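J.: Heads up: the sequence shown runs through residues 1 to 437, numbered per the working numbering.
Simulated from the structure, these hints should not be mistaken for lab results. Some hints could be false.
[What the hints assert, rightly or not] Only pairs whose alpha carbons sit at most 25 Å apart, straight line, appear in this in silico DSS-like list of lysine-lysine:
no.	residue 1	residue 2
1	Lys223	Lys327
2	Lys419	Lys379
3	Lys419	Lys327
4	Lys223	Lys301
5	Lys301	Lys327
On a predicted model such as this, the values are computed, not experimentally measured, just so you know.
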Amino acid sequence: MTTHVFVIGLDEFHLRQLQTIRNADAYAFHGLLPYDMVVNPETYPIEDMIEHGRRELAGAGVPVDAIIGHWDFPTTALLAVFRRDHGLPGASLAATLIADHKYWSRLRQREVIPGHIPDFQSLNPFDPEAEDQIELDFPFWIKPVIGFSSQMVYRVADPRELRQALSGIREGIGRFGDPFARLMERAGLPANIPREIDANHCVLEKPIDGWQCTLEGYIQHGKVVVYGTVDSIREGALRSSFARYEFPSQLPREVRERMVAVTERAVPALDLDDTPFNVEFYWDRESDRIRLLEVNTRISKSHSPLFADVAGASHHEVAVDVALGRKPDFPRWEGEHSVSTKFMLRRFEDGIVTRVPTAAELTALESEFPGARIQVEVKEGDRLSELRGQEVYSYEVAVIFMGGRDHRELEARYRELAKRLPLEFQSLPGERPAQAG
1 MTTHVFVIGL
11 DEFHLRQLQT
21 IRNADAYAFH
31 GLLPYDMVVN
41 PETYPIEDMI
51 EHGRRELAGA
61 GVPVDAIIGH
71 WDFPTTALLA
81 VFRRDHGLPG
91 ASLAATLIAD
101 HKYWSRLRQR
111 EVIPGHIPDF
121 QSLNPFDPEA
131 EDQIELDFPF
141 WIKPVIGFSS
151 QMVYRVADPR
161 ELRQALSGIR
171 EGIGRFGDPF
181 ARLMERAGLP
191 ANIPREIDAN
201 HCVLEKPIDG
211 WQCTLEGYIQ
221 HGKVVVYGTV
231 DSIREGALRS
241 SFARYEFPSQ
251 LPREVRERMV
261 AVTERAVPAL
271 DLDDTPFNVE
281 FYWDRESDRI
291 RLLEVNTRIS
301 KSHSPLFADV
311 AGASHHEVAV
321 DVALGRKPDF
331 PRWEGEHSVS
341 TKFMLRRFED
351 GIVTRVPTAA
361 ELTALESEFP
371 GARIQVEVKE
381 GDRLSELRGQ
391 EVYSYEVAVI
401 FMGGRDHREL
411 EARYRELAKR
421 LPLEFQSLPG
431 ERPAQAG
């Protein structure tokens, strides 16, 4: 019997990842909501998205056995809405919103892991006296309480930089704040959640640094399981831009075990259950201190090819099993490669894209570099500073997944491949992301 799994914003790349999971031929994967409606649209008309999805599910003509997603907000919240409609396992909408809201999440974390989070506070960027409401000393990070991919995330060191950051945040925060407000009306939030700190607010946090990694796991029937750790390497003057993700992690086992112990307290404190998650951490080698950056209520889509390379299947397998109410058996370490990396090719100044590789050129490069998969993120004529979904300090123009024997070998192969990738830009003098490296 075929099991029907609906995937929010499904595209060809992630369909290929889903087809790596165990017994993939026993599933039919159906897209739910158009990709362009879910991934970096200009706006998120949340009520229209909910009604659109409900119509698709009602008219599918097949049983709705499971609903999954790997995109950030609002996909995480839409999953809760659609699963509740169909009586399927999954985190509640209230728990999802608490976890996604970076300030509410910090409040819950402070109750159970106070020694593993930075000093923080909330701020209304529209308050005329906003600067006077700041209690933290410079420097600190400021970001909307709802967001992803480091969008509208600024490190500020003085009042001038703060004013620049507040201006940029005020301009764009409503893109997430408005749909979040509509979802709050549906959620039945607990009384101890400060609803007045809505999604048109920011969270300020003191900087944390060190070895960054992400734990991939799930919580099911209240039990937390962590099944993999991925290292995150940053670049740029502020070390704010991701350069690559490496799997498996090279972090000492004892440190990873301590992170798991923190995760086992932090995730249930958000009222989460029956959901995959990933948790981002920093380890300061000198002080031996572990700090939690954030909890995400989904698998990391960026990590799925890494698991496929090394474990033999994407961790979409975990998302599917949990959504079906089954206990995952993952990973099995049956992959073709010992290690795998996602490299992010970035440009640290604005420009116009004047040339991108042809399909034939990409195929040729992938043939010359076995284990490589190249995704170009721009097209000819794009101005980088006008692209949606980019962070403040750099522009991601391509990603390259590579599997191999060890990380050092992959870095050397990536450098050679990147040199030969025919991506060309017309520079725009004087136009640079803020404090780019």
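J.: Below or equal to 25 Å on CA atoms is what counts here, so check Lys419 against Lys327.
T.: 44 Å, violated
J.: Is Lys301 within 25 Å of Lys327, Cα to Cα?
T.: The given pair, whose Cα atoms are some 21 Å apart, holds under the 25 Å limit.
J.: Given the hint that Lys223 pairs with Lys327, test it: the Cα-Cα distance must not exceed 25 Å.
T.: 11 Å, holds
J.: Compare the distance between the alpha carbons of Lys223 and Lys301 with 25 Å, and conclude whether the hinted pair is satisfied.
T.: Holds, because 23 Å separates the two Cα atoms, which is no more than 25 Å.
J.: Keeping to a limit of 25 Å between CA atoms, is the pair of Lys419 and Lys379 held or broken?
T.: With a Cα-Cα distance of about 18 Å, the restraint between Lys419 and Lys379 holds, given a limit of 25 Å.
Checked against the numbered hints listed earlier, the structure breaks hint 3 alone; every other hint is satisfied.
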